[in-house]
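Colleague: Here is how the chains run, residue by residue.
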Amino acid sequence: MTDATNPAGAAPAPKHPSSLLAADVRTKRRNAAEARFKAYGLAAVGIGLIFLVALLFAIIRNGTPAFTQTFLTIPVELPEAKLDKNGNRDPADLSKVTTFGYAPLIEVAVARALEENGIDSPFEKQKDLRNLVSASAPAQLRDYVLQHPDDIGKTIEFRMLASSRVDGYLKGRVTRDSLARDKNLDAEHLDLVDQLQAAGLIKKQFNWAFIFGADASESRPEQAGIGVAMIGSFFMMLVVLALSLPIGVAASIYLEEFAPKNRWTDLIEVNISNLAAVPSIVFGILGLAVFIQFMHFPQSAPLVGGLVLTLMTLPTIIISTRASLKAVPPSIRDAALGVGASKMQAVFHHVLPLAMPGILTGTIIGLAQALGETAPLLLIGMVGFIASNAPDGIASGFLAPNSAMPAQIYEWAKRADPAYYERAWGGIIILLLFLMTMNIIAIILRRRFERRW
Amino acid sequence: MYDSPNSEAKIGQKAIKISANKVQVYYGDTHAIKDVDVQIEDKTVTAFIGPSGCGKSTFLRCLNRMNDTIDICRVEGEILLDGEDIYDKRVDPVQLRAKVGMVFQKPNPFPKSIYDNIAYGPRIHGLARSKADLDDIVEKSLRRGAIWNEVKDRLHAPGTGLSGGQQQRLCIARAIATEPEVLLMDEPCSALDPIATGQVEELIDELRENFSVVIVTHSMQQAARVSQKTAFFHLGNLVEYGMTGQIFTNPNDPRTESYITGRIG
Numbered sequence: 001m002t003d004a005t006n007p008a009g010a011a012p013a014p015k016h017p018s019s020l021l022a023a024d025v026r027t028k029r030r031n032a033a034e035a036r037f038k039a040y041g042l043a044a045v046g047i048g049l050i051f052l053v054a055l056l057f058a059i060i061r062n063g064t065p066a067f068t069q070t071f072l073t074i075p076v077e078l079p080e081a082k083l084d085k086n087g088n089r090d091p092a093d094l095s096k097v098t099t100f101g102y103a104p105l106i107e108v109a110v111a112r113a114l115e116e117n118g119i120d121s122p123f124e125k126q127k128d129l130r131n132l133v134s135a136s137a138p139a140q141l142r143d144y145v146l147q148h149p150d151d152i153g154k155t156i157e158f159r160m161l162a163s164s165r166v167d168g169y170l171k172g173r174v175t176r177d178s179l180a181r182d183k184n185l186d187a188e189h190l191d192l193v194d195q196l197q198a199a200g201l202i203k204k205q206f207n208w209a210f211i212f213g214a215d216a217s218e219s220r221p222e223q224a225g226i227g228v229a230m231i232g233s234f235f236m237m238l239v240v241l242a243l244s245l246p247i248g249v250a251a252s253i254y255l256e257e258f259a260p261k262n263r264w265t266d267l268i269e270v271n272i273s274n275l276a277a278v279p280s281i282v283f284g285i286l287g288l289a290v291f292i293q294f295m296h297f298p299q300s301a302p303l304v305g306g307l308v309l310t311l312m313t314l315p316t317i318i319i320s321t322r323a324s325l326k327a328v329p330p331s332i333r334d335a336a337l338g339v340g341a342s343k344m345q346a347v348f349h350h351v352l353p354l355a356m357p358g359i360l361t362g363t364i365i366g367l368a369q370a371l372g373e374t375a376p377l378l379l380i381g382m383v384g385f386i387a388s389n390a391p392d393g394i395a396s397g398f399l400a401p402n403s404a405m406p407a408q409i410y411e412w413a414k415r416a417d418p419a420y421y422e423r424a425w426g427g428i429i430i431l432l433l434f435l436m437t438m439n440i441i442a443i444i445l446r447r448r449f450e451r452r453w
Numbered sequence: 001m002y003d004s005p006n007s008e009a010k011i012g013q014k015a016i017k018i019s020a021n022k023v024q025v026y027y028g029d030t031h032a033i034k035d036v037d038v039q040i041e042d043k044t045v046t047a048f049i050g051p052s053g054c055g056k057s058t059f060l061r062c063l064n065r066m067n068d069t070i071d072i073c074r075v076e077g078e079i080l081l082d083g084e085d086i087y088d089k090r091v092d093p094v095q096l097r098a099k100v101g102m103v104f105q106k107p108n109p110f111p112k113s114i115y116d117n118i119a120y121g122p123r124i125h126g127l128a129r130s131k132a133d134l135d136d137i138v139e140k141s142l143r144r145g146a147i148w149n150e151v152k153d154r155l156h157a158p159g160t161g162l163s164g165g166q167q168q169r170l171c172i173a174r175a176i177a178t179e180p181e182v183l184l185m186d187e188p189c190s191a192l193d194p195i196a197t198g199q200v201e202e203l204i205d206e207l208r209e210n211f212s213v214v215i216v217t218h219s220m221q222q223a224a225r226v227s228q229k230t231a232f233f234h235l236g237n238l239v240e241y242g243m244t245g246q247i248f249t250n251p252n253d254p255r256t257e258s259y260i261t262g263r264i265g
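Protein sequence lines correspond, in order, to chains A and B.
If you count the first sequence from 1, position 329 lands on 329 in the numbering used here, and the numbers rise without skipping.
If you count the second sequence from 1, position 240 lands on 240 in the numbering used here, and the numbers rise without skipping.
Not one of these hints is a red herring.
Derived Cβ-Cβ restraints for the label pairs, each shown as a range:
#, chain 1, residue 1, chain 2, residue 2, range
1, A, L20, B, P254, 50 to 60 angstroms
2, A, F348, B, K99, 18 to 28 angstroms
3, B, K22, A, S273, 40 to 50 angstroms
4, B, T69, A, D24, 51 to 61 angstroms
5, B, S163, A, L20, 39 to 49 angstroms
6, A, F348, B, E84, 27 to 37 angstroms
If you are wondering where the hints come from, they were derived from the structure by calculation, not from laboratory data.
Each residue gets a CB set at the ideal place from its N, CA and C atoms; glycine is no exception.
Make the full structure from the sequences, and use the hints.
Modeller: This is the structure in structure tokens:
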């Protein structure tokens, strides 16, 4: 047939090009396609990297200022006449003096500090100086005095938070122009701040209270910290770990090694895969309905949050555990059964240790996912202003209302004061550090336990 | 080293260890083993030969109920071990497998130390009363597995670090550490080079003194070298079963003859 198309007598075209040194058309086309594909791949990786770098840059640039805070360190006189009228240092008497009693002391101290450093106050009234200092300062001073009653009657060097506007001025967020319509602080205040800074009384310092402290009210961003939310997250993770690891691993071992393969197990399998894809807010509303409305667990408690996140984490753990059990070669099971081990012995002595790195990795990834989850927490009331300080025990850690890190970040991000903006970014840095730590632990565990067979 | 025709004649008188009657095996709808009757003698090496897919491995795995692990596999008929039906409801396959050990096609040591590989079986069956007892069992098994001299200085090195031939001998030693009465070997030399194969074959010949050995092999030379009795399987049927010498020199069935001479398979 093909021969017929050739002119009679013409030699058939050779199948291969005469020289290997010259690429023929097909080869050239193939190579070009491969080169193009590589270029696409490289571009995709490049775009991904650019996004990652941009994200990290934005987070670090916006978030790092949250870790420093402006403090005013000045001598404060603690007059006995005002703080302890009876002079007996009785704690009950001392605590009768409220924060309002301490506020004037701070005003006096600021005025005196200005005077001693030769700074002229442009304000007639001493009260106007109060806005330089955080509204939390009198409470801080009161706490200090209650803890150190012996200092009453002395003058102490006291470090107090500057107000968030002053802090913003030092960080470049607040300018004289932006203060024009601000009733908290005037441009004159900023002149004072400049001079106080020159005198070394106002300084930006590392702020541990941001990492370990509690949230503060909307008007005191300088005082807010993520510490209590961190504790809330910690207790939730305890609940998630304690429930989802044993339940998940037991369920996957049963399904993978023991369950007969029939329509029921197929159905369960499909449902587990589907659960992994259910939006997390659905788990939130389920938790609200089941744990709070039906079972009457306390609202906003890390216990409930942990239960909801357990529901969310279980499919992840089951899927990864089953995958790692499946990856153990069947020859190991045969070997164990062949020497007369029971099925359970074969699984627990041989299969499970080999699957361990995969199981641990899956669990940690699941936990990390749960740690960063916000949506279900919105529905069970774990987002909001937590006025209390750190829980005072393990039981209250599980049961007392608390927040979680991502919920705290969400809460800060929606507050009006721009000073909360940097705190939201700072909270993201802390959250990311936790997630990175967990992922690194997962990698280390995988490397450590990985065995060849 | 190998058998003289003289010793073969004596073996014919040996006691029956395993007796299979009308065994049928189904994989789902596939009828994999049809009506197999075979009497396996004690202290004898019995070889199963036949083309790929003829059911010889399937039948071997019936003998210690390893097929139980395959969901769709169904076994009918009776297989008697010392007169007891191993497919009886009261039989726990775990106890059976302690009596009928198995060596697999691919060496499959546990990813543990050489010592733990051997000690695992005795440990779970409670065969050792003390650490010294266990040490004894490990040494004895490794010696019988003809690998003691190669590994005695590194008993706590991982078993997976050995060469292929050593791994297979380790697996054989592991199988005999539980003191089975029958040893099933599913193509134990298919992953080994000729030297390692020679060592394993020598070992099989020695094991004959204590165990009844059933070996599945693709190599007819190997069957001729190590076995005293041979069974030829074809398409799920047991075509011919008899003295190895007779099967290879004077087969009764034309199919056996065609396979041995290389015309089918």
